[in-house]
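The task is simple: from the sequences and hints, build the whole structure.
Chains A and B, in that order, give the protein sequences. Residues 181 to 404 (this note's numbering) are what the first sequence spells out, left to right. Residues 923 to 1201 (this note's numbering) are what the second sequence spells out, left to right.
Careful, some of the hints might be misleading.
On the chain A side, residues computed to face chain B include the following (Cβ under 7 Å) [said to hold, decoys possible]:
| hint | residue |
| --- | --- |
| 1 | GLY305 |
| 2 | SER306 |
| 3 | ALA309 |
| 4 | GLN311 |
| 5 | ALA312 |
| 6 | ALA315 |
| 7 | SER316 |
| 8 | GLN319 |
| 9 | GLU328 |
| 10 | LYS403 |
Everything labelled a hint here was simulated from the structure, so no lab data went into it. Idealized CB from N, CA, C, for every residue including glycine.
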Amino acid sequence: MFDFLRDFIDQYGDLLVQSSIDTLLAVSLATTLAYILGILLAVVLKITAPGSLKPQVLINSVIGWIVNMGRSIPFIILMVILIPLSRMIVGTSLGVLGSIIPLTIGAAPFVARIVESSFEEVPAGSIEAAQAFGASTFQIIWKVYLRESLPSLIRGAAITLITLIGYQAIMGAFGGGGLGDVAVRFGYHRYKGDVMVAAVLILIVLVQLIQSTADLIARKIDKR
Amino acid sequence: MIELRHLSKTFLTKEGSFEALRDISLTVEDGDIHGIIGVSGAGKSTLVRCVNLLEKPTSGSVLIDGEDVTNYSGRRLLNLRGKIGMIFQDFSLFAQRNALANVIFPLQLRRDSRKDAAKRGMELLELVGLAHKAKSYPAQLSGGQQQRVAIARALANHPSYLLCDEATSALDSLTTDAILQLLKTINHELGVTILVITHEMKVIETICNKVAVLDGAQIVERGKTADVFAQPEQQITQRLLGQAMAEAAAQAAAESATAVSASTTLTDQLAYLEVKSDV
Ligand SMILES: Nc1ncnc2c1ncn2[C@@H]1O[C@H](COP(=O)(O)OP(=O)(O)OP(=O)(O)O)[C@@H](O)[C@H]1O
Ligand SMILES: [Mg+2]
Chain A
181 MFDFLRDFID QYGDLLVQSS IDTLLAVSLA TTLAYILGIL LAVVLKITAP GSLKPQVLIN
241 SVIGWIVNMG RSIPFIILMV ILIPLSRMIV GTSLGVLGSI IPLTIGAAPF VARIVESSFE
301 EVPAGSIEAA QAFGASTFQI IWKVYLRESL PSLIRGAAIT LITLIGYQAI MGAFGGGGLG
361 DVAVRFGYHR YKGDVMVAAV LILIVLVQLI QSTADLIARK IDKR
Chain B
923 MIELRHLSKT FLTKEGSFEA LRDISLTVED GDIHGIIGVS GAGKSTLVRC VNLLEKPTSG
983 SVLIDGEDVT NYSGRRLLNL RGKIGMIFQD FSLFAQRNAL ANVIFPLQLR RDSRKDAAKR
1043 GMELLELVGL AHKAKSYPAQ LSGGQQQRVA IARALANHPS YLLCDEATSA LDSLTTDAIL
1103 QLLKTINHEL GVTILVITHE MKVIETICNK VAVLDGAQIV ERGKTADVFA QPEQQITQRL
1163 LGQAMAEAAA QAAAESATAV SASTTLTDQL AYLEVKSDV
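So this is what it looks like as structure tokens:
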């Protein structure tokens, strides 16, 4: 048993470590970028909503429509559509680098809705109080919406990270690198069941780690 | 001085338009604790929200210290609001900030230095008797304590005016008394002019020197509290007064009933209460 493990690690250890790093790198970079886009979209959606701080029916429905569109395109199709864009921006549609653009664009609308629903948790009374003290719209976004929904935003970020790990694994099967790539390449094409199982186990551990860390932090900072 | 001149507010809803305020004229003199009383839906919150322009009047004007602020916008409006404190029925503290951070929120909007703000914040918590709770979060405070923090927050910017929208409606009778006393102190000691919105005569009776009765979007009666209480002209005022008296009687009865003896049956006590509250 130990011999088997030693041989296995000798043979595939580096590969598994490298592809774990690749997956994490691609996913965290894409999550960061998706959050920059997604928070922007969510803020616009929130403040332009009817009865909100700056009601703008047209902008609100156009952005809402774009976000829904983005969410309804199946990820695999989005991946293919974005190949040229990815080549243009990062120079490739393959590997870790190549997976960043599709992951970001795929996640941004999802993030927008998740962040929007975190904003919904902020009591209307808190917004009104901030307004009454003369807070500007920017201050309300920054000091009330984002600050007051922080625990919820962290929980949402964990959901996004985990979803993207899943997407990244799909991309792996199409040359996107990372753990999904290893699982498919060795497990599926070369009948190396042990490598596939190892890759899947690492994915399971990653997901668990992300979820429990996020839960821990969110619980610690949530003062409600 | 706060002046409302021929103020009207009509809400446009899907079902049509709804007139929440009609031709309201009202003056709140400096140093007043001015009450506005009315039943639910009378338009009280809408009225007080018009004062700091959280609600834009459909017509008429709002004057603060003689200056027409009705059409203020941008920076000017934000600065004006900074000078008018406000407290709310549900306290509306920021749940993720501790008491001190809540109190200095209005100061941070103005980019005061952190140290000065913290110092002022502690002074204010001292004033409302909660310096020892500076690090507590709203969820760890009782309703009365939360409202004290909210009062401290409303005073952070040295406002000349304090708007109170049903500030005691979520509190029990004893806590209400304590908060009302605090408002009185703030009025006396800091010279803050207070506009109090309530549906309880008791609140008016305890702290207001003037009162206006709001009914069906209009002010139907106004004057010095003593005069209005002595000779209520409108039926609605009489009803609000009668209700207040019945409540006071019921409370007195409840207190004496519990004091009387443990042997009295519940039915007896209920009967007793009923007799008293018929007054
Ligand atoms: N944004 C709004 N849109 C449409 N109607 C509104 C709006 N705000 C208030 N109203 C209506 O205006 C009327 C007065 O509301 P307001 O909140 O001022 O009453 P209130 O006297 O404060 O009542 P309460 O004691 O229950 O708080 C109500 O009939 C309410 O339905
Ligand atoms: Mg109200």
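Cross-check of the supplied hints:
1. GLY305: Where the cut-off is 7 Å and the nearest Cβ of chain B is about 4 Å from GLY305 of chain A, the hint holds.
2. SER306: 6 Å, holds
3. ALA309: Check passed: Cβ of ALA309 of chain A comes within 4 Å of chain B, closer than 7 Å.
4. GLN311: 6 Å, holds
5. ALA312: For ALA312 of chain A, the interface hint holds, since the closest Cβ of chain B sits about 4 Å away, which is under 7 Å.
6. ALA315: It holds, given that the least Cβ distance between ALA315 of chain A and chain B is near 5 Å, below 7 Å.
7. SER316: Check passed: Cβ of SER316 of chain A comes within 6 Å of chain B, closer than 7 Å.
8. GLN319: For GLN319 of chain A, the interface hint holds, since the closest Cβ of chain B sits about 6 Å away, which is under 7 Å.
9. GLU328: 5 Å, holds
10. LYS403: Holds - the Cβ of LYS403 of chain A comes within 7 Å of chain B, reaching about 4 Å at its closest.
Of the numbered hints stated above, none is contradicted by the structure.
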